[in-house]
Amino acid sequence: MYTRQVLSLALASAVATALPLACPQTTSSGSGSGSGSGSGSGSGFGSGSSSGSGAPTVYFIRHGEKPSDGGVGLSSEGEDRAECLRDIFGKNSEYKIGQILAMTPKEDGHRARPRDTVEPLAKDLGLEVNTSCDRDDAECVKTLVEGYKGDGNILISWEHDALTELAKALGDENAEHYPDDR
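No gaps in the numbering here: position 97 of the sequence shown is 97 in the UniProt record's numbering, and each next residue is one more.
Please note that the accuracy of each hint is not assured.
[To be verified] Below 27 Å or equal to it, Euclidean Cα-Cα: the simulated DSS-like pairs (lysine-lysine) are:
hint, residue 1, residue 2
1, K66, K106
2, K168, K66
3, K106, K142
4, K96, K123
No lab work stands behind these hints: they were computed from the structure.
From a predicted model like this one, the values you see are computed outputs, not experimental measurements.
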């Protein structure tokens, strides 16, 4: 039986709102104090530990902000958010990330924001971002999550329109729609 704990989208939505508070605008490379920026957001996520089953907790985040001109990639604000995630989910955080998933980017650069958002964090953690699942392939994500045998928890960076289906595929039957304005 599948017993992995899944963080609800309601909490993920609250976290997306809290990230700007936890991630002040900065031009640094993310080498700021882990305790200062990470501690303010920790309460929005709940515990990074999983239930008694030893299964990892799955954390959902929406990709960083896009450029106002509708182009590909992250805006400067999105790049700042990606840097901030290094403090929130980094090596010394309570979240103990052991696997990072992001949807498959297109060759023309579209749909790359989820991957771009977590690349700095993945580099810090010595992880590769797994981009083997297409945007709307919740079953692929479920297979990867259920097959994960590593240490630590799982971070999923995705487009908000597909987060609800991912949460449902992982067992959260009451997953709420992720708001468009977050």
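The hints, checked one at a time:
{"no.": "1", "hint": "K66 to K106", "verdict": "16 Å, holds"}
{"no.": "2", "hint": "K168 to K66", "verdict": "26 Å, holds"}
{"no.": "3", "hint": "K106 to K142", "verdict": "21 Å, holds"}
{"no.": "4", "hint": "K96 to K123", "verdict": "14 Å, holds"}
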